[in-house]
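Peer 1: With the hints as extra help, turn the sequences into a complete structure.
Chains as they are written, first to last, in my numbering: chain A, 1 to 358; chain B, 1 to 358.
Take every hint as true, because none was put in to throw you off.
Note that identical chains are pooled: a pair holds if it fits in a single copy or bridges any two copies.
Straight-line alpha carbon distances no greater than 25 Å define the calculated DMTMM-like cross-link-like pairs of lysine to aspartate or glutamate that follow:
hint	residue 1	residue 2
1	Lys250	Glu274
2	Lys250	Asp163
3	Lys250	Asp276
Hint data in this document are derived by calculation from the structure and do not stem from the laboratory. Model, not experiment: these values are computed from the prediction.
Number of protein chains: 2
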Amino acid sequence: MSTAKSERFLRACRGQPVDRTPVWLMRQAGRYLPEYRATRAQVPGFLDLCQNPELACEVTLQPLRRFDLDAAILFSDILTVPHAMGLELSFVDGEGPVFANPVRTTQDIQRLHQPDPEQELRYVMDAVRLIRHELAGRVPLIGFAGSPWTLACYMIEGRGSRDFQHAKTWLYSDPESLQQLLDRLVAALIGYLRAQAAAGAQALMLFDTWGGVLSTPAYRHFSLAPMQRVIAGLRASAEAAPLPIILFSKGSGNWLEAVAQSGADVVGLDWNTEIDQARERLGAKISVQGNLDPMALYGHPTLLRAEIERILTANGSRPGHIFNLGHGITPQTPISNVEILVETVHAWKNSHNEYGEY
Amino acid sequence: MSTAKSERFLRACRGQPVDRTPVWLMRQAGRYLPEYRATRAQVPGFLDLCQNPELACEVTLQPLRRFDLDAAILFSDILTVPHAMGLELSFVDGEGPVFANPVRTTQDIQRLHQPDPEQELRYVMDAVRLIRHELAGRVPLIGFAGSPWTLACYMIEGRGSRDFQHAKTWLYSDPESLQQLLDRLVAALIGYLRAQAAAGAQALMLFDTWGGVLSTPAYRHFSLAPMQRVIAGLRASAEAAPLPIILFSKGSGNWLEAVAQSGADVVGLDWNTEIDQARERLGAKISVQGNLDPMALYGHPTLLRAEIERILTANGSRPGHIFNLGHGITPQTPISNVEILVETVHAWKNSHNEYGEY
Chain A
1 MSTAKSERFL RACRGQPVDR TPVWLMRQAG RYLPEYRATR AQVPGFLDLC
51 QNPELACEVT LQPLRRFDLD AAILFSDILT VPHAMGLELS FVDGEGPVFA
101 NPVRTTQDIQ RLHQPDPEQE LRYVMDAVRL IRHELAGRVP LIGFAGSPWT
151 LACYMIEGRG SRDFQHAKTW LYSDPESLQQ LLDRLVAALI GYLRAQAAAG
201 AQALMLFDTW GGVLSTPAYR HFSLAPMQRV IAGLRASAEA APLPIILFSK
251 GSGNWLEAVA QSGADVVGLD WNTEIDQARE RLGAKISVQG NLDPMALYGH
301 PTLLRAEIER ILTANGSRPG HIFNLGHGIT PQTPISNVEI LVETVHAWKN
351 SHNEYGEY
Chain B
1 MSTAKSERFL RACRGQPVDR TPVWLMRQAG RYLPEYRATR AQVPGFLDLC
51 QNPELACEVT LQPLRRFDLD AAILFSDILT VPHAMGLELS FVDGEGPVFA
101 NPVRTTQDIQ RLHQPDPEQE LRYVMDAVRL IRHELAGRVP LIGFAGSPWT
151 LACYMIEGRG SRDFQHAKTW LYSDPESLQQ LLDRLVAALI GYLRAQAAAG
201 AQALMLFDTW GGVLSTPAYR HFSLAPMQRV IAGLRASAEA APLPIILFSK
251 GSGNWLEAVA QSGADVVGLD WNTEIDQARE RLGAKISVQG NLDPMALYGH
301 PTLLRAEIER ILTANGSRPG HIFNLGHGIT PQTPISNVEI LVETVHAWKN
351 SHNEYGEY
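Peer 2: Right, dumping it as structure tokens:
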């Protein structure tokens, strides 16, 4: 059986057999590519790149010209949504994202603007439309957003954090008003992801980068439950209902049974989790995406290949595996090893397909 | 049944019933205490504090004067061992620990000095002796060291890191020579912890801060296996054999079944793990320590108490629980909430003891 390249990723999202394991890489359009750095140099700031649909389209397509990847992912940033809600995002060199107006009080929550995705975030929708046009059906386009809890972390801290002192002080002091912030984000994210679907995104991914900093009950309440509401909202919309939904909840190995209840079709796995054990805990209906340590791409090609094949072997004959990293690719990654990764994954003969043939 | 306060912690380490759950806090001697900051201000650098036995003793005892804690832990730093091996440690304001001579080649490994704990690390042993004398048997003293993998991470990176690019590049490029570095550390740590035992430490703890950044097979090979050898070396020594050994492997919730094979008597749990599930996976022979989110100490007293009681309830009637945080206490923690923590834990009537009484 041969699968059309344009279909591999979406079939795997739905747990259907494919000829080759599809592969894409989180942050595949990024600083490890010289052509990305050249495009990035054309604008003063990182946010300018996100807000320019032509340039966002260009960098989205760059990795697809180099590597035989099975999906494109919209080039953007999860913090465009809080920016559109009024927090004034900027990127400070050497420090990362900073909000001029962090959310620290219930008054701050009430002041939040509920964005219209085709107004304040129109640049994202224009990028989606342009990328879909340029891709011309060769591979599907993934749209994405941050999870409510992850966005709340950044919005409360005002920047990145090691221990999320402000966000957790709120959580352990006044959980009811924190819930109001999450409610606002749920509504904003449903609108944002529906609009991406309407603009042409063919799969939707939620990045729950900071769910893993919570205790189990706090994860269920403040990270998982709002994501369930986002996903239910998407399922209830005409535009987004047909799209596969991917949930990447970093550090969620302890809670896979809970993540299985998220409503997502695909669960992204970080590299702490063994794919075979994860699949047993998630159940047969859920596909998985992952889960190579991004740092394995700094290794010797022989050991890199062995690590990739270890993951493919652990998945075994189960359909519904999309190969990816366990987190984003990092800036000094050697391009030659990315080539090896894609080749190694595609050279792997899927035994579920072999069984299907004979 | 009433347990002597001096015995609570050691009995719980051994899984024996106690009248009240013993409690101590990782980094209990630290910046959240004004008296610590005053003592710290007497010396130019953090390392000077570690290297002065009188001051190290003073800060070790400070939290015991304020709170009804059931154990003292030596005030020191896990990086004193690499410092004694020749890496020249310093603490840079706002950046944390930095080694002047990081380990990047096999030649660097061969140049490492194998320290004599009563020579290069005599200041630690003198601190242990002095603290034991000053404690006068009121509560036991815990000695500690970093795990081989955790120390190797710092030694290779030369400083803290988010993704451990240098350490993992080595791991995925030349694992055999990385093993040589771990071998050196295993030998140094056995000697260091034996010497702490000989100097009077009454329990020994391994901090595996960075085991959780590895994949499952890499954790078993590069983090767990060297710790097993350290623990076996301690069990084989006259000084350390009778002491309970505590292993804190942060982010190891995915691998508790493996951690159960470490040889440690007590496993420290971070706050991602539910204590009841962890105990089932670890088995009845292993005690646990943990596992409150340190950030819960920033919350409202009512919610803090509820969170503490949730953990005590989850442990239920099982003996062998030492209450602690899931990671170190942080600098802005309100002291009043630490008081509430200790009182709440000690007010809890242990049902295993109740059953023992009737």
